[in-house]
Structures are given as structure tokens and as C-alpha cells.
Amino acid sequence: MNLWLIPLIPFFAAALPPLTIRSGRNVCAAVTGTATLLAMALLLSHAPAVYRGEIVQARLDWLPQIGLSFSFFIDGLGLFFAAMILGIGLLVIVYARYYLSSSDPMGRFYAYLLLFQGAMVGVVLSDNILLLLVFWELTSLTSFLLIGYWRHLPEARQGARMALVVTGGGGLALIAGMLMLGNIAGSYDLSVILQRGDLIKASPLYLPMLLLVLGGAFTKSAQFPFHFWLPHAMAAPTPVSAYLHSATMVKAGIFLLARLWPVLAGTEAWFLIVAPVGLVTMLVAAWIAIFKDDLKGLLAFSTVSHLGLMTMLLGFGTPMAAVAAVFHILNHATFKAALFMGAGIIDHEAGTRDIRRLGGLMMLMPITATLVLIASASMAGIPLFNGFLSKELMLEEALKTSYAGMPWLVPVMAGLATLFSVAYSARLAVRVFFGPKRHDYPSHPHDPPVGMWGPVAFLVVLVVAIGLLPALIAGPIVERTALAVIGGPLPSYYLAIWHGVTPALLVSMGALAGGAALFLAYRQINEIRLSLPRPDAKTLFDRAIEWLVAGANWSIARSHTGSLQLYFVIIVAAVVVLAAGGFWTASHGLGTRPVLPMSLPAVVAWLALVVASLAAVLRHHDRVFALVLTSVVGLVVSLVFLQFSAPDLALTQISVDVVTTVLLLLSLNLLPKTTPREGTPLLRWRDAGIATVAGLGVAGLVYAVMTRGFETISAYHLEQSKPGGGGTNVVNVILVDFRGFDTFGEIIVLGIAALAIFALLDHPFGRASARRLASIRFAEEARDAHPLMLVVATRALLPLALTVGVYIFLRGHNLPGGGFIAGLVVAMALIMQYMASGYVWANARARIDSTAMIGAGIVIAGLTGIGSWVFGRPFLTSSFDYFSLPLVGQFELATAMAFDLGVFLAVVGAVLLSLSQISRVQQRAERSPVTDHPMDIVLDTDPAVVKEA
Amino acid sequence: MELLVASATGVMTAVGIYLLLRARTFPVILGLTFLTYAVNLFLFAMGRLTINQPPVISALAAGYADPLPQALVLTAIVISFGMTALIVVLALRGFLESGTDAVDLDLPDDGDPGKSVASGDKARLPS
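Chains as they are written, first to last, in this note's numbering: chain A, 137 to 1085; chain B, 4 to 130.
Calculated from the structure, these hints are not laboratory results.
It cannot be assumed that every hint is accurate.
To be verified - As a list, the in silico SDA-like pairs of lysine to any residue whose alpha-carbon atoms are at most 20 Å apart:
1. A/K337 with A/S327
2. A/K674 with A/D429
3. A/K809 with B/L93
4. A/K809 with B/S101
5. A/K809 with B/D104
6. A/K858 with B/Y67
7. A/K858 with A/R875
8. A/K809 with B/S61
9. A/K536 with A/T638
10. A/K337 with A/F407
11. A/K674 with A/P290
12. A/K536 with A/G636
13. A/K428 with A/G636
14. A/K858 with B/Q56
15. A/K858 with B/A65
16. A/K809 with B/I90
17. A/K536 with A/F407
18. A/K674 with A/F427
19. A/K536 with A/L641
20. A/K809 with B/G97
21. A/K337 with A/L347
22. A/K809 with B/T103
23. A/K573 with A/G487
24. A/K809 with B/E100
25. A/K809 with A/I912
26. A/K809 with A/S911
27. A/K428 with A/P671
28. A/K858 with B/S61
29. A/K536 with A/A405
30. A/K674 with A/L684
31. A/K573 with A/M499
32. A/K858 with B/I60
Starting from the given sequences, assemble the full structure and let the hints guide the process.
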């Protein structure tokens, strides 16, 4: 259960350092350290079980549909890495407390550090590869924050960005690879995947999947040719380098290789790709490290080289090599973290970390010097220290390995890399600490407080202890971890300093001698090196990024022209082409369903529709005329509905048409009345061509469908309409009952559209638009804007129209009608008042706010739905019963009617709001405010009114 | 009859698309209206054509038209009103703000998205 807390504690605790920094730096560091300790304690509480050979698991489904679960497990490998991450994290927290200066925002630093720590622990403990990916990306993001911590430094920002681009890009490849892996294995659970190695290796997708996963692992672990980001990430504060680049972040790639070793390793492809990448990385990085003058740069390349060593060992694919890799991971973490912190102390104390400016520090800071010397001896692989042991194991494995039929290749290159590592270690140790005492340091170096060298000393004690008593101290850890990596029986081996005079020992001795010689001849070799051309990874990277940006800009400029008209053409043409493709590849026989005979009225209506449509195209420049033609088409469409047994649709269509026509007429009052002739004839013919093809396609499709038989699911609705829904008008019952939830959504959308219109037009107009509004002159203004006949007629019609609306509403459940149609009819009756008598007059008399009406409609419909919860039924379950009243007789009441009332109100509100808003804008454009008196039929004898009349 | 409905749907689609591709907002709105008619008729036709059999339950009815496409089309008609109204208002507001009812406003030279990204990012690239 508490397994989840181990990665989560650092995440939650990340909020604390920025809060506690006000209480001082010690409190802040203590809080951070406590959180890490807590996570560590929880982790170690599971250690006994893990060392009994159990696997501790905790599982919680997150998104089971896609196979993502929030599940963790601890086995030997996870425990080893998590302990290393938290342990070194603790040391770094202590160290950073003294390293950071008082001007550095420490709260932020510890917060980033904890976030990173949580992400890393999450990576190594995830039991679900999708969850692992989430944490993997989080390590990329948090390390970006840590590397760029000194955000005022340009190199920090650039280094952080480069790290993010490289590791983030690798992360993308890893996502694809992991998805493929999960697909092949049939599960995203790591513990399941680990059981299915044979299935995965036999899959035809194995190779592409392997390449993608390796892309993620190699970028993260800075393998050649992605090694260049790591040295640039050294712009980070030294505690970050010590943490990220020795023990954690860069080891994530190694972790992944080790974690998936049982399912991926052992194939020829694995050996042919992974081993040489590791080998080349080890050799090239070791060579570069020799010539680095920056202490941290030297250590960075040395880290890359050692990561290459581990990759190569895992790439050999043999169990013994895997054991050696595990052992080296442990050893490297101890001595490299110590060295990074040591380099930080030197930088902190001497004010520089340039090897050329250092020397003789042995006298000035003896404690630091001793510690760093021991750690670098381990790095060089000198006997008695732990680096020697794992290096021997590595050489032994390398000597056994033959690559591409050349048995000498791997041993020689591995030996050379060892030789180089001796040389750079010697350069670091001798040039910094020995030689004459210098007096030209920027500050006066002396040993720092124990808080800074203490963590280093702790690690160095481990370096020596493992070096002297490997089997006793590191033996069980290596054994348990290697068991988890290999997933099978361990090879027989024993960790000891003395294995007798083996070939590996001879190579090792040769490398020590050669490395010493190389160190002595450093100056000459460096001159030769400088005279040769060297590719600079950063320049290449920057150029590649520049090309990418230029390419992106080019494609944006080509495709994103901002022309909506062009986009429309492309969209429509694409649809036409796709549909045509589907058409040509299918059979095109006509159906056999009998067709209805044509009738003369139908042909006349059809003619009216076609003529009106074509005329609308030809005469669309005259906008009012085109609008009239459009409403002719709308009228024919409602006749079509009427003819083919859809009275509800006919009613709806005709009332919507009326409303729409009024709306368009209102807008035409403000918009230009004509459309200018634009574009070339060629463009018009192109559009006409596209439109014709699309029209032919639609016509053919509709005809083909209608001449074929079909099965409908409506039988259920027809059967249940009366007994289940309590109404005989099936269309209305479907709307308010069977598919009431859809209708509920519809009226909400309608309400939103009306509110958007309100927002668009209610917002005060800016200067330019107000001027434009004021300058609109109505060319053909009616002499009488509010003709008396119209005014009287609409007012007389209002109660009638309202009654019709109520009637249509009430009968809707059983006969054609219902909330939608009634709403439109009532809205029309009210809109007529605006048209006849003007906005000012009508608005002053509007008792109910139309926005409130929309809201009330939606609330009533919603409450009706919720009402069924009271009776323990699902949302929108309707019920009905019959009642009788004197005079009225027996009648039916259904909850669906309340729902329909909601629909009614929402429709009335939405229509009224949109139309009244447009007429309000128009009213602003009217030259003089309309006085409402002359239009009012006033019965009282107000002298003022009488006089005016 | 089927031929008449099918060809009418096709004509309205073609007219709708042609008007949709015009350069001014009002023809585009009209085009959209035509396309709405066509789409609604298309949906309706998926229930096939029946005469004198409205889906109103009655003991005398010989049969019923498919009510489901009708219900779908009914809400589609109402929603299309909401859509048309919104576009009309957008066009109106756009016209008042910019003084033109062209669909494509001429972007100023520095409004080119490609150019501004290029110059902006170049400044931030490491040298």
C-alpha cells in the first residue's frame, strides 16, 4: 500500500521548500532531507521482502481502457536504483545547502530537486510502461528546470534547452517503442511483459520496436552520437551535475536497458547495435575527456565514457556481462558523485575549475584533495578501489567477445578506452593537487565546512570499502540486482581483488602504464590533436535546429496563408476527391426497391426549387433577391417534408424559415445590399466544377440509398411510444423521451449560440465601428417606418398567435407539434412586434428577459430529468398518468411535458434574444430616435399625445 | 419521386458549395443555408420516402414512416437556425469592425505568422 507513497512523497514535498525558505536555509534543507529520508525509509522497509526473493507490488487502475494503471513494483533492480537515487539525493541535499550562495533561490532549487527525485523514483519503480513513460517525460522536464536553474546565464539556458530537445526527442521515440512493445506483449504491465521475452523476440515488429526503445535509452544516457548534450548540461550548479549526471538521470537509459534486458537482449540485432554503440561511446568520450580543461567538462565526458561501458556490457547480452554492468553502475555512482562534488568544492573554494589555472591544492585543502584523489584512482581503475573491480570484469568480458568476425576488435578498443581513462584521471589528480603551490587564485582556497566534504567522504568510504571487501559489502546487492536484470539463474562468479594473473589483469596493467605515458606526453599529443579538424557537436546541433526552424517556417508560410476561402476550397475538394475514390472502387448498381410514382404537383415543386436555386447562383449579387429565392427553396423543402409523411418537420421547417428570413433581412439592413463581382472567371468555373461534382455525388448517393431496402431500429420506438412514453406522436416522444438527453444538449447549444450573439452585439462598439454604424444611410427608407396597418395587425394577431402556440405545444405529445414548433411560433409573434413597432417600443414592453427565459428553459428541462432520481430512476426517465377534472374531462399529464416546456422556453428565449439584439443594433443606426407615441393607439386623453397626433 | 428528391438534394448541395466558396460573407451564409437544406433532406431520405403514413400512432394507420430520421432532422433544423444566427452576427460584427464584408481580410505585412516566428526565434537561438 505505501508503495505509492515512495514516488509521491517527493512530489508532494516539493511544495514545502519554497514555503519554508522564509524560515531559513537550514530549515529548508532539513525539510527537503526529511522528505527524502521518509521515502528512503519506506523503500527500505520493503528491502527484507525483496531480499527474500519476493516482488512487492501495488496496483491501482488509472485508465484501464488504454491499459494505463498506477501500479508499482519493487524487485532487486528497482530497489537498487531507487535506493541509489534517494541515497545520493540525500547527500546532494546536504551538499547543496552549503554549496549554493545566499543569492541563489534555494527554495526553488530544492523544489526542482524533489520533483526530479520523485520522477526518477517513479521511473525505476513503475510496473506499467505507460506510467513509466509519464515519469520518464517528467525527468526530462524537471532536469530542464534543474540544468537551467541559473537562468540568468545564457549557457545554462542553452544547455537546458539542448538537453530537453535531445532527451525529449528520444522520449518521443520511446513512447512509440513502448506502445509497440505493449502491443506485442499484449499488456502494458512490466511484470507481464518480462514473462513474455520469447514472444517479443519472435515478433516481426521486434526490430523497429527495439530501435525506438534504444532511441529513448541512448539519448537519455548520452550515447554516441547523442552524447553532446551532457557536457553542455554542465552549466548547471554542481549539486545538480553530481545528482543528475552521475547517479540518476543519465542512468535512466541504462536502467531501461537493464529493465528490459530479459525481453530484448540476447538477439543478434541487440548485440550488433547496442554493444558497438557502447564501445564507441566509451572510447570517443574517454579520448575527448583527456583534453578537457574544465574539471566538470572532463568529468562529464568521463561519465559519457562510463555510460558507454555499461551500455556495451548490457549489449553483450551474456548474463556475466550483465552482472559486471550492475556492479559498475554501483561503483560508478559512488566515485563519480564524489568527484562531481569534489570538483564543486574546488570551484567554490578556488574560484575556478580550469585545470590550467589550478595546481598544488594538496597543501591548501588536504581533506578534499585526499578524497578526490581516492575517487579519481577508482575512476582510473587502480587496484584496491571499487572502479578496478568492475573494470576487470568488463575487460574479462570484452576479451571473450568477438565482433563481426574480428576477435581483436572489442578487446583492443576496450583496452584503449581504459588507457584513456587512466590518462584523464591522472591529469585531473596531478594537475589539480600536485605541483607548486599557486598564489594567483581568485579566492583563497581552504577546506570547506564538513557539510560539504562530509557527503564526499561518505561516498569515498564506500569506494574503499567495496574495493577492499567486494564480496562482503557489494556482493548481496549485486547478486539480488543481477538476478532481477537477468531474470534467470546467475552465472558463477566471485567478486574479489585477486583473481590470479589473468589476461584482463595484464591488459589493465598495460593500460595503467600506457595511460601514464600518455599523460606525460600530453602536451605533444594535444598539439597534434589541435592541428586536426574536429567536428563541434554544438555547432552541428545549432545548425540542425536552425534548419528545422527554417523548414517549419517555410511550410507554415506555404500552407497557412490565412485565406479562409482557400481553406474552404481545399476542404471541399478533399472531401470530393475522397468520396470519388470510394465511388470508383465500389460497385455502382442501382437498387431494386420499388420507387414511388411521380405526381404533377411534385414535378412543379421540383421545378420551382431547381429554378430558384439556379437563379440564386446567377443572381446572388443582388442580395435581397437571392434571399427571396432562398426562402422559395425553403418553402419547397417544407412541402417535401409534408408530402412524405413528416408533418412535424414541415411545421418546424416553415417556422424556422420565417425566422431565418427575418434575421437575414435584418442583417441586410446593415450589410451592403450587393455583392461585387470578384475573382477571375477561371476561379468561378473551378468553384462551379467542384460544386457540380459534389452535387452529382450527393444526388447519386441519395438515389442509390433510396432505391435500396433497409432495416430500421424505429420499430421499438413505434411500439413503445404509447405504452412507454404516453404519446402517440412518435417524433415528439423520441425528442422528449427516448432521446431526451440529446434534446437537452440541443437546447443548451441553442442557448449558448444565443448568448454568444448577445455577447457579440452587446459589447460596446469601438470608435471605428460606431462611426461606421452611424454613417449607414438607408437608401430606400420607407416613408412610414412603422405603418399603422402593420402595427395594428400584429398587435391584434399577438393573442391569437400565442393561443396557437399554446395549442401546438399542448397537442405536441399526441399530434404534430411540440415545444420546438410552439417556441418558434410564439417567438415569431413577438418578433413581429419588434418589426412593426420598432425596437424601442417593443423592448420597453418586454416583461420577461429573454436570457432569463433561456436559463429557465434549460433549468426546467434539467430539473425534470433530475426529478426521476427522486424515484430511483435514471436521468430523464419519464412517467405519465391520466387525470380527470370537471368540465375538462379526462386528460393526460406526462413529465415529458415539463421537459417540453423547457424546450419551448429555451427556443423562445434564443430566437428572441438573437433577433432583438440585431434589431437593437439597427436601432442605433437609425438617424433619429423613433418616437413611439404616434404608433401607439392611446385611448386616454393625454393632451400632449392628442396634440401630437 | 425518389429521382426528384435525389436530384433536388444534389442541386441544393451544388448551389450551397458554390456560394460557400464566394469571397463575401453574405453569399457564404446563403450557401450555408442551402447546404443545410440539402443535409437535412439527405438525412431525411435515409428513412426512405413514404406517403400518407405520418408516424402518429392510430388504430386506422396502415403503416408508419420511419420516425427516427424525422426526430434527428427536427433538432437539426432548429440547431441550424442557431448556427445561421451566430454566423450572421459574426459577419455583421466583422463588417462593422473592419468596414468590409470580405471573407479574407488582408493581413498587414507583419501579420505573417511565418515571418514573425522566424525573427523571434532567431534572436533566442544560441549563437
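Hint check:
1. A/K337 with A/S327: Answer holds: A/K337 to A/S327 is near 17 Å, not above 20 Å.
2. A/K674 with A/D429: Judged against 20 Å, a Cα distance of about 17 Å means the pair holds.
3. A/K809 with B/L93: holds (17 Å)
4. A/K809 with B/S101: Holds, because 17 Å separates the two Cα atoms, which is no more than 20 Å.
5. A/K809 with B/D104: holds (11 Å)
6. A/K858 with B/Y67: Answer holds: A/K858 to B/Y67 is near 14 Å, not above 20 Å.
7. A/K858 with A/R875: Roughly 15 Å separates the two Cα atoms, so the pair holds.
8. A/K809 with B/S61: Given pair A/K809, B/S61 is violated - Cα atoms ~50 Å apart, limit 20 Å.
9. A/K536 with A/T638: holds (12 Å)
10. A/K337 with A/F407: holds (13 Å)
11. A/K674 with A/P290: holds (14 Å)
12. A/K536 with A/G636: holds (17 Å)
13. A/K428 with A/G636: violated (36 Å)
14. A/K858 with B/Q56: Distance ~17 Å between A/K858 and B/Q56 Cα, so the pair holds.
15. A/K858 with B/A65: Satisfied, since the Cα-Cα distance of roughly 17 Å is no more than 20 Å.
16. A/K809 with B/I90: Holds, at about 17 Å.
17. A/K536 with A/F407: holds (14 Å)
18. A/K674 with A/F427: With Cα atoms ~17 Å apart, A/K674 and A/F427 stay inside 20 Å; holds.
19. A/K536 with A/L641: holds (14 Å)
20. A/K809 with B/G97: With a Cα-Cα distance of about 16 Å, the restraint between A/K809 and B/G97 holds, given a limit of 20 Å.
21. A/K337 with A/L347: holds (13 Å)
22. A/K809 with B/T103: holds (13 Å)
23. A/K573 with A/G487: holds (15 Å)
24. A/K809 with B/E100: holds (18 Å)
25. A/K809 with A/I912: holds (12 Å)
26. A/K809 with A/S911: holds (15 Å)
27. A/K428 with A/P671: holds (15 Å)
28. A/K858 with B/S61: holds (10 Å)
29. A/K536 with A/A405: Satisfied, since the Cα-Cα distance of roughly 19 Å is no more than 20 Å.
30. A/K674 with A/L684: holds (15 Å)
31. A/K573 with A/M499: Since the Cα atoms of A/K573 and A/M499 sit roughly 7 Å apart, the hinted pair holds (cutoff 20 Å).
32. A/K858 with B/I60: holds (8 Å)
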